[in-house]
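**Student:** Sequence:
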Amino acid sequence: MLSDQLRGKLLDYLDARLTGSELEQFEAQLNTHPELKEEYHVLLELQSAGVDWQPQDAPQWGRLAGLNAPRQRPATPWMTWLSLAASLSAVALISLQAQFTRTSDGFSISFNSGTSTVVSQQVEARMDILRQQQQNYTDQEIEALEKKNLAMNKQMLTAALSFNREERRQDMRELVSYWAKSRYDDRQAVERIMARQFDDQMAIQQLYTRMPQ
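Each residue of the sequence shown is one higher than the last, beginning at 20 in my numbering.
It should be emphasised that the hints constitute simulated quantities derived from the structure, not laboratory data.
A few of these clues could be false.
As the list claims (entries may be wrong) - In silico DMTMM-like cross-links for lysine to aspartate or glutamate, where the CA-CA straight-line distance does not exceed 25 angstroms:
| # | residue 1 | residue 2 |
| --- | --- | --- |
| 1 | Lys-167 | Asp-147 |
| 2 | Lys-200 | Glu-210 |
| 3 | Lys-56 | Asp-31 |
| 4 | Lys-173 | Glu-160 |
| 5 | Lys-200 | Asp-190 |
| 6 | Lys-200 | Glu-186 |
| 7 | Lys-56 | Glu-41 |
Unchecked claim - Per label pair, the in silico range of CB-to-CB distance:
| # | residue 1 | residue 2 | range |
| --- | --- | --- | --- |
| 8 | Lys-200 | Ile-161 | 36 to 42 angstroms |
| 9 | Ala-214 | Arg-192 | 28 to 34 angstroms |
| 10 | Gln-151 | Met-175 | 32 to 38 angstroms |
| 11 | Gln-151 | Gln-174 | 32 to 38 angstroms |
| 12 | Leu-30 | Asn-50 | 15 to 21 angstroms |
| 13 | Leu-149 | Asn-172 | 30 to 36 angstroms |
Note that the structure is predicted; figures quoted are calculated from it, not measured.
Virtual Cβ for every residue (Gly too), placed ideally from N, Cα, C.
The task is simple: from the sequences and hints, build the whole structure.
**Tutor:** Take a look at the structure:
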């Protein structure tokens, strides 16, 4: 960021107020200081633009000339007659289709009620067809969804049964393994009891033999 002192010297340099050693010192700073050099070029362009500008008079124009100018007539006046003829034809067509009815309150006008009735019937018939098509489409979608859900339920049931069968097999394997282990343990216990009984009998016999007769 340039200091105020350096910026003041820059303005003096542009106005050719620096002389001697001060001028040489500032030019050396200008060549080595990027920000100072950039600001110098900007101010130099602004100064050049101010010198090149030349004052000019404002253009003269008459405000009343446009109001007093004669109006041009349309080149094709037959377009006006064509528009008028089209309007009259439309009025005549409406008048031919209009039906006048006298009531107690005065006259009433209706425009081609028979045609409106036919159009309403056609629209209603078309709406019935569309409603039927929509109903058929909805029924088909519901049926497809039910089939899809049924297939998914079957798959889930099959997977559950398969899982249950595997669980039952695992339970049976564990039960058989437990029963075999229990039987082995029981057999070992019985063998130990029988061995102790045999040892006891042998000890009793030895005592009998040692007793005096």
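**Student:** State for each hint whether it applies.
**Tutor:** The hints, checked one at a time:
{"no.": "1", "hint": "Lys-167 to Asp-147", "in the structure": "violated (30 angstroms)"}
{"no.": "2", "hint": "Lys-200 to Glu-210", "in the structure": "holds (15 angstroms)"}
{"no.": "3", "hint": "Lys-56 to Asp-31", "in the structure": "holds (14 angstroms)"}
{"no.": "4", "hint": "Lys-173 to Glu-160", "in the structure": "holds (20 angstroms)"}
{"no.": "5", "hint": "Lys-200 to Asp-190", "in the structure": "holds (15 angstroms)"}
{"no.": "6", "hint": "Lys-200 to Glu-186", "in the structure": "holds (21 angstroms)"}
{"no.": "7", "hint": "Lys-56 to Glu-41", "in the structure": "holds (17 angstroms)"}
{"no.": "8", "hint": "Lys-200 to Ile-161: 36 to 42 angstroms", "in the structure": "violated (57 angstroms)"}
{"no.": "9", "hint": "Ala-214 to Arg-192: 28 to 34 angstroms", "in the structure": "holds (33 angstroms)"}
{"no.": "10", "hint": "Gln-151 to Met-175: 32 to 38 angstroms", "in the structure": "holds (36 angstroms)"}
{"no.": "11", "hint": "Gln-151 to Gln-174: 32 to 38 angstroms", "in the structure": "holds (35 angstroms)"}
{"no.": "12", "hint": "Leu-30 to Asn-50: 15 to 21 angstroms", "in the structure": "holds (18 angstroms)"}
{"no.": "13", "hint": "Leu-149 to Asn-172: 30 to 36 angstroms", "in the structure": "holds (34 angstroms)"}
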